[in-house]
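Quick mapping for you: the protein sequence lines, in order, are chains U and P.
Numbered continuously in the working numbering, the first sequence closes out at residue 443.
Numbered continuously in the working numbering, the second sequence closes out at residue 443.
It is possible that part of the hints are untrue.
On the chain P side, residues computed to face chain U include the following (Cβ under 7 Å) [what the hints assert, rightly or not]: (1) Leu219; (2) Asn224; (3) Phe234; (4) Pro236.
Pairs of lysine-lysine residues, derived as DSBU-like cross-links and limited to a Cα-Cα distance of at most 35 Å, are as follows [what the hints assert, rightly or not]: (5) P/Lys175 with P/Lys86; (6) P/Lys53 with U/Lys86; (7) P/Lys53 with U/Lys53; (8) P/Lys294 with U/Lys268; (9) U/Lys261 with P/Lys260; (10) P/Lys261 with U/Lys199; (11) U/Lys260 with P/Lys273; (12) P/Lys436 with U/Lys267; (13) U/Lys429 with P/Lys294; (14) P/Lys429 with U/Lys268; (15) P/Lys246 with U/Lys199; (16) P/Lys127 with U/Lys273; (17) P/Lys268 with U/Lys259; (18) U/Lys267 with P/Lys261.
The set of hints was computed from the structure by calculation and includes no laboratory data.
For every residue, glycine included, the Cβ atom is placed at its ideal position computed from N, Cα and C.
Number of protein chains: 2
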Amino acid sequence: MRSDILADRINIGIFGKMNVGKSTVMNLLTAQQTSIVDPTPGTTTDIKQAILEIHDFGPVKIFDTAGLDEFTKLGEKKKAKAIQALKESDLILLAIDPIELLKTNDFSAENEITSLARTYGKQIFIIYNIFSRKMKSSADEYAKKCNEKLYHTANLHFIVLDAKAKEAGKCLIEFIKNNFVKIDKKTDLLPFLKQNNFVVMNIPVDEETPEGRLLRPQNAVLDYLLRRFVPFAGFRMDLTKARSKIKAISSTEKKKYLDFLKKLNAHKNAQLIITDSQAIDIVAKWTPKNIPVTTFSIIMINYQSNGNLQKLIEGTKTMDSLKENDSILVAEACNHDRKCNDIGTVQIPNRLKQKLRIKNLNFEFNFGREFPSEHELKKYKLIVHCGGCMVDSQKVNARINDLMNVKRPVTNYGLLLSYLEGKKTLNRVLKPWGLSIK
Amino acid sequence: MRSDILADRINIGIFGKMNVGKSTVMNLLTAQQTSIVDPTPGTTTDIKQAILEIHDFGPVKIFDTAGLDEFTKLGEKKKAKAIQALKESDLILLAIDPIELLKTNDFSAENEITSLARTYGKQIFIIYNIFSRKMKSSADEYAKKCNEKLYHTANLHFIVLDAKAKEAGKCLIEFIKNNFVKIDKKTDLLPFLKQNNFVVMNIPVDEETPEGRLLRPQNAVLDYLLRRFVPFAGFRMDLTKARSKIKAISSTEKKKYLDFLKKLNAHKNAQLIITDSQAIDIVAKWTPKNIPVTTFSIIMINYQSNGNLQKLIEGTKTMDSLKENDSILVAEACNHDRKCNDIGTVQIPNRLKQKLRIKNLNFEFNFGREFPSEHELKKYKLIVHCGGCMVDSQKVNARINDLMNVKRPVTNYGLLLSYLEGKKTLNRVLKPWGLSIK
Chain U
6 MRSDILADRI NIGIFGKMNV GKSTVMNLLT AQQTSIVDPT PGTTTDIKQA
56 ILEIHDFGPV KIFDTAGLDE FTKLGEKKKA KAIQALKESD LILLAIDPIE
106 LLKTNDFSAE NEITSLARTY GKQIFIIYNI FSRKMKSSAD EYAKKCNEKL
156 YHTANLHFIV LDAKAKEAGK CLIEFIKNNF VKIDKKTDLL PFLKQNNFVV
206 MNIPVDEETP EGRLLRPQNA VLDYLLRRFV PFAGFRMDLT KARSKIKAIS
256 STEKKKYLDF LKKLNAHKNA QLIITDSQAI DIVAKWTPKN IPVTTFSIIM
306 INYQSNGNLQ KLIEGTKTMD SLKENDSILV AEACNHDRKC NDIGTVQIPN
356 RLKQKLRIKN LNFEFNFGRE FPSEHELKKY KLIVHCGGCM VDSQKVNARI
406 NDLMNVKRPV TNYGLLLSYL EGKKTLNRVL KPWGLSIK
Chain P
6 MRSDILADRI NIGIFGKMNV GKSTVMNLLT AQQTSIVDPT PGTTTDIKQA
56 ILEIHDFGPV KIFDTAGLDE FTKLGEKKKA KAIQALKESD LILLAIDPIE
106 LLKTNDFSAE NEITSLARTY GKQIFIIYNI FSRKMKSSAD EYAKKCNEKL
156 YHTANLHFIV LDAKAKEAGK CLIEFIKNNF VKIDKKTDLL PFLKQNNFVV
206 MNIPVDEETP EGRLLRPQNA VLDYLLRRFV PFAGFRMDLT KARSKIKAIS
256 STEKKKYLDF LKKLNAHKNA QLIITDSQAI DIVAKWTPKN IPVTTFSIIM
306 INYQSNGNLQ KLIEGTKTMD SLKENDSILV AEACNHDRKC NDIGTVQIPN
356 RLKQKLRIKN LNFEFNFGRE FPSEHELKKY KLIVHCGGCM VDSQKVNARI
406 NDLMNVKRPV TNYGLLLSYL EGKKTLNRVL KPWGLSIK
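Chain U extracted, bound-state conformation (with noise of 0.2 Å):
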């Protein structure tokens, strides 16, 4: 199993009402796993979660969800997370006790789900759980007259359960298995990677870099070009000589990188130069011009959005024309011990305000797996998120999908920083992407 961060999960999101199931539902794929992550369901910000795997499918992230009819009674707040749940869902399980819902006669929760499943293009299953009463003759009766209650069910699956019975967790297993199309994200870490020569990195050390290992970003390149044979080469590089004022020391940090490069007769033999985002001012200016350059920060948010580079080049555009006092909101999908020259809340604010010869921009912040909503989204003229190296690719392209519906710009660290030192190193680490800006 794939024990990192980035592992191509299947996210499955289980919904309904109260009472009809949705725990067991939880237990029964939970009691199917072969290999445990997190054993225990954990609740976090009131959606339960369980990591595993699931045998002869794969490695699966499952939310269990509020009931639906909870929603009017505890508010809106509990509505928004159990739809970021949906929209970071690659399957919706929605369970329906059949009898129950057909007496009430009331479908309007449960076809809230297949809307919102149908607007943001999620599979749906139906899981229609008829506990152990006695009507099983029966059965598919109820869930044919359910179905036709329901909105877009056209070419819905839907499986007529007994959640309590024995063989419950193989049934729905395979009614899973069976239907559920699975998509290959395919997205590639580095795409344009030929596999001779050396790829180059440089990572500079701060006091926010965890001691003990390499941050997720280094180890999934390297674990990349490890598994393709190719060769790599690293450096860190003392971002506070290089960026001294005295002449002497910056140029002798300068002498270090370039006899590093020369000692990997770099120029023949580097096909890239990977480097952390926050030293592409040192990198760019001292790295001879032909050796391609690109940062983590763009490798990790084109692979955790799917190869969606473009849309955040696109964003990264629209800072030319930002203005005075306009609201600008800088998320981390990660919260982690900030320090006082810590990238998000000190350098890019002050950057960013020095390049546009803006006094007052009105820096916000979003630090940690809750995102605003799309209504509180509507007021910043542009959103700077991190590389979202610590959350799935599913909330990454949650996120931005929320940003496209409400037609908001959205950058990154990575492209920000290039775009702070000149559009020059802007299309510098784009051009390996085969991408740039005018």
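Given the coordinates of chain U, assemble chain P onto it according to the supplied hints.
Structure of chain P alone, referenced to chain U:
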């Protein structure tokens, strides 16, 4: 906080009879945490454990053991596990209800712990938990009386505590901070390294390699190099090709490796080549004589054993004297999916028998976090241990100490695989460490 397994955590073991407030002590400590790694005390083989960072003290792992008085009732197994926790602890907290203890006047269980702590050279502090009884004025008297009956208490630190009182947590932490002597581990991952010149890594990937990231030893080495500004280069040798009996295939792979070294100008620029132990047969043969070579496994076992590589070399030497029908224990500190040509269960047994020309060697296996008792270890003529990269150094050292106590030789995967290639190869991988075998 160091997020890696190689973090230098302080292990704290909580011991004591039932109902003396062991869990309360655990809760007092976990309530003081600043950074949560695993906040829920989990039960591992009857030992609850929590990993967290205590403000102004550092990262700790806390074991909450079974009640001392349960030992007799529940048998040797539970006791063995508690003693295992003691061996892996840096600090023993012995909780005592002084009033109850003086009433029974049976100090045998407590004295067993103080004796074991002394035997294994552990720091031990006594916590006299007086609960909220109305006797606080003379609490110190009770403690003093108990101290007199406990062995090895001459320089013992103790605290009288009402564990349920409001400031109890603060008091306890202050007490630990003021009295615990932090011993700097000071084991350097690569003590012989110079800051200049490349370190070259050979990282083969096999079926058992997890996807999406490098293994811990490689992560640890790369982090170490970056923090010291040591440049590095990496290569993945195709071992199937390298070992091919078809000359054209193996010589193409050899040329690829030598070309890689040549591009790096390795005979001048490489100060060390680190290879996965499994490739030492090829790397030792193909690498130019003047370039020092060692293996990831040797680096790890030296680090995890606090620099006790010499002890494992002594164990390696004893392999020459193995005889027909001797028993050998192959131990790995973690469990992972085993593929058909697994190193521990297949490669090592087969190759060792072949090398020693012994038909019958009785191989037994121990995988996971529990280790045989000293008594059980006596049956083995040799123990072959993995690098221990997935557990903490306290556990690795506890195991090595157990083996030294029963005078059983221990070697590890990296040393054994090098030994299998002959003493010349073994001495080559030991040379960077200033060590050798005759």
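Here is what the structure says about each hint:
1. Hint status for P/Leu219 relative to chain U: holds, with the closest Cβ pair at about 6 Å, below 7 Å.
2. Using the Cβ-Cβ criterion of 7 Å, the hint placing P/Asn224 at the interface with chain U is satisfied: the shortest such distance is roughly 4 Å.
3. Restraint check, P/Phe234 versus chain U: the minimum CB separation of about 5 Å is within 7 Å; hint holds.
4. The interface hint given for P/Pro236 is met, as the beta carbon of that residue sits about 5 Å from the closest beta carbon of chain U, less than 7 Å.
5. The hinted pair formed by P/Lys175 and P/Lys86 meets the criterion: a straight-line CA distance of about 30 Å does not exceed 35 Å.
6. Simply put, P/Lys53 and U/Lys86 have alpha-carbon atoms about 33 Å apart, close enough for the 35 Å limit, and the pair holds.
7. Pair hint P/Lys53 plus U/Lys53 holds up; C-alpha atoms about 24 Å apart against a cutoff of 35 Å.
8. A C-alpha spacing of about 21 Å is found between P/Lys294 and U/Lys268, which places the hinted pair at or below 35 Å, so the restraint holds.
9. Proposed proximity of U/Lys261 and P/Lys260 is supported: the alpha carbons are some 30 Å apart, at most 35 Å.
10. Between P/Lys261 and U/Lys199 the CA atoms are separated by roughly 15 Å; this keeps the pair inside 35 Å, and the hint holds.
11. Between the alpha carbons of U/Lys260 and P/Lys273 the distance comes to roughly 19 Å, so the proposed pair stays at or under 35 Å and holds.
12. A distance of roughly 30 Å separates the Cα atoms of P/Lys436 and U/Lys267; the hinted pair therefore holds under the 35 Å criterion.
13. Taking the CA atoms of U/Lys429 and P/Lys294, the gap is about 47 Å. The hint is violated against a cut of 35 Å.
14. For the hint pairing P/Lys429 with U/Lys268, the CA-to-CA distance comes to about 31 Å; that is within 35 Å, so the pair holds.
15. This hinted pair checks out: P/Lys246 and U/Lys199 have alpha carbons roughly 20 Å apart, not beyond 35 Å.
16. The hinted pair formed by P/Lys127 and U/Lys273 fails the criterion: a straight-line CA distance of about 58 Å is larger than 35 Å.
17. Under the criterion of a C-alpha separation no larger than 35 Å, the hint pairing P/Lys268 with U/Lys259 is consistent with the structure, at around 22 Å.
18. Our distance criterion of 35 Å between C-alpha atoms is met by U/Lys267 and P/Lys261, whose separation comes to about 21 Å.
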